[in-house]
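Asker: In case you want the letters, here they are:
Protein chains: 2
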Amino acid sequence: MSLLGIDLGGTKLAMAVFNLEGIVIDRQYISLDGRKGREVGTLITNNIEALTESDQFGNDPIRSIGISVPGISRSKTGTVWAPNIPGWDDYPLLSEVQVGTENIPVTIDSDRACSILGEVWQGKAKGCKDAIFLAVGTGIGAGIITNGIVLRGAHDISGAIGWMALSKPFVDDYTNYGCFEYHASGNGIARIAQKILHEEKSYSGSLRGKAIDEITSHDLFSAYEMYDPIATQVFQVCIEYWGMAIANLVSIFNPEKIILGGGVFGPAIQFIPSIKAEALKWAQPISIHQVSIEASALGSDAAVYGAGHLAKQAMQTKD
Amino acid sequence: MSLLGIDLGGTKLAMAVFNLEGIVIDRQYISLDGRKGREVGTLITNNIEALTESDQFGNDPIRSIGISVPGISRSKTGTVWAPNIPGWDDYPLLSEVQVGTENIPVTIDSDRACSILGEVWQGKAKGCKDAIFLAVGTGIGAGIITNGIVLRGAHDISGAIGWMALSKPFVDDYTNYGCFEYHASGNGIARIAQKILHEEKSYSGSLRGKAIDEITSHDLFSAYEMYDPIATQVFQVCIEYWGMAIANLVSIFNPEKIILGGGVFGPAIQFIPSIKAEALKWAQPISIHQVSIEASALGSDAAVYGAGHLAKQAMQTKD
Chain Z
5 MSLLGIDLGG TKLAMAVFNL EGIVIDRQYI SLDGRKGREV GTLITNNIEA
55 LTESDQFGND PIRSIGISVP GISRSKTGTV WAPNIPGWDD YPLLSEVQVG
105 TENIPVTIDS DRACSILGEV WQGKAKGCKD AIFLAVGTGI GAGIITNGIV
155 LRGAHDISGA IGWMALSKPF VDDYTNYGCF EYHASGNGIA RIAQKILHEE
205 KSYSGSLRGK AIDEITSHDL FSAYEMYDPI ATQVFQVCIE YWGMAIANLV
255 SIFNPEKIIL GGGVFGPAIQ FIPSIKAEAL KWAQPISIHQ VSIEASALGS
305 DAAVYGAGHL AKQAMQTKD
Chain Y
5 MSLLGIDLGG TKLAMAVFNL EGIVIDRQYI SLDGRKGREV GTLITNNIEA
55 LTESDQFGND PIRSIGISVP GISRSKTGTV WAPNIPGWDD YPLLSEVQVG
105 TENIPVTIDS DRACSILGEV WQGKAKGCKD AIFLAVGTGI GAGIITNGIV
155 LRGAHDISGA IGWMALSKPF VDDYTNYGCF EYHASGNGIA RIAQKILHEE
205 KSYSGSLRGK AIDEITSHDL FSAYEMYDPI ATQVFQVCIE YWGMAIANLV
255 SIFNPEKIIL GGGVFGPAIQ FIPSIKAEAL KWAQPISIHQ VSIEASALGS
305 DAAVYGAGHL AKQAMQTKD
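The listed protein sequences correspond, in order, to chains Z and Y.
By the working numbering, the letter at position 303 of the first sequence is numbered 307, and the numbering carries on one by one without gaps.
By the working numbering, the letter at position 20 of the second sequence is numbered 24, and the numbering carries on one by one without gaps.
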């Protein structure tokens, strides 16, 4: 028996076939190539059909499917909101996939939820019942497991920690992103550096080598390597915000692990010791010593592993 | 069949006998009278014995017991940490109570957890599966239910939201209380008013009628009624912090209800419209419209109702 995990991203589809122990026995990446709406649904169903009907898995055909989606999986309706896929405001993914899969269970969850499930199954949070995946990429979100179960909330939008309020007073800039995401996401880092560059006319460092409005978080990381003063300033502030947000998650959840992932962690893992020191100042003083704060082991594969774990959990529920 | 709910506070024991529908059929309050350590345990066991062996409940004897404790209930060991009861650092309450109760199940949880369970059973969060009790008294804490289950964390100290980081930069004053509790708990309100009174030599309002270091949050509420400028200033800042903290709970948990209770809510319920307006600025914009923010219906009885609900849940598990 095999499990199929699918991670739908904003630009590509990652698929992995796992055995029950979580070993990858086949994997494929397919570009979305600008597909939108129903074309994306069709791409998924066609690939599922090809894999479930394939005889390449011999005596271990695919018996359960998990799908990670880049947005919100509405558990009551089986529909998906995925802001980066045009036409996916309330896309009926579950019903569409189930047409072709008949007796094979299909489970869908958000990439945040899948990322922490992946780490629990095969990554840094193996065996944990209380663990959090803090994803810092273009935006910020968290996948949260409490007592072994994904935290969904009343309407499936829990973990929206990019909106965490961390710094008074409120400024209008927070309206579109949330305070934490405004200051400390990949896009936030770039935006704040751009703002400083517009203001600091006297600065003549390496970041001047590019049009200000094209500066990205990658450029900031490169500049930081060269002791650039603006990059240093931006990351010092980020470290404070990351530390405060982690402290809040620790005080609220008393978790065993917090896993840092997403595109920014990545290069920001060099700051983990400083982030821990910052979190230590703010957090509940017993809880902060009971948690381990670590970089993701699975990186960009966390969600596809988590999708595999969703598939496995569905088998166990069925048995 | 009846249920016994016991709420151990820092100064008194509240006991209520419930029927299965949650109607109180008997209630008693007993002062702790300065008892400490084992004396408190004995007071509890003696009262349990008297009630369970009493024939006053006729054909409905007590068949399950829930106990709310003012601190941390360590679920793995059955011991209790209660900072306001001398000698209760790791008190073996469960084993002590079970000696005399034989076949009657005994369940212990924190007052925070019991408060939200009480509201879910008989208060403002009736029937909710995702709800939070924000208790603002001398300190600040939260009882949190997700998917119908109390959030415990890895070591039973989840919900320590008095430690929520809400305002940079870190100052040493936060070390003993946490940022949120420092600014916006009952003791915090008094402390901040005292600090302002020491500094504002020119102020000659009603708060000057008392020794500065004896000013309490009650005095502040009274002064606020009289449009006192210091009280007004203190509560304006509190409203910001309460709003930010509630926003964070909304963005993280996507709950159906947040119930405000504890001694400060109480008189601070007059600020709920302003607190909601503040939370609206910061929170995830969809979640904040899916939550209802309300004052506790049960007030200081929330925990004893929750203890009754613990007792009921234990019966259901047993069946």
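Some clues are possibly wrong.
Copies of the same chain look alike in the list, so a pair counts if it fits in one copy or across any two.
[What the hints assert, rightly or not] Calculated cross-link-like contacts (lysine to aspartate or glutamate; reagent style EDC-like; alpha-carbon spacing at most 16 Å):
hint: 1; residue 1: Lys172; residue 2: Glu25
hint: 2; residue 1: Lys133; residue 2: Asp160
hint: 3; residue 1: Lys285; residue 2: Asp177
In short, the hints are calculated from the structure, not lab data.
Asker: If a hint holds in the structure, say so; if it doesn't, say that too.
Answerer: Hints, one by one, checked against the model:
{"no.": "1", "hint": "Lys172 / Glu25", "result": "neither (48 Å within a copy, 45 Å between copies)"}
{"no.": "2", "hint": "Lys133 / Asp160", "result": "between (20 Å within a copy, 13 Å between copies)"}
{"no.": "3", "hint": "Lys285 / Asp177", "result": "between (27 Å within a copy, 11 Å between copies)"}
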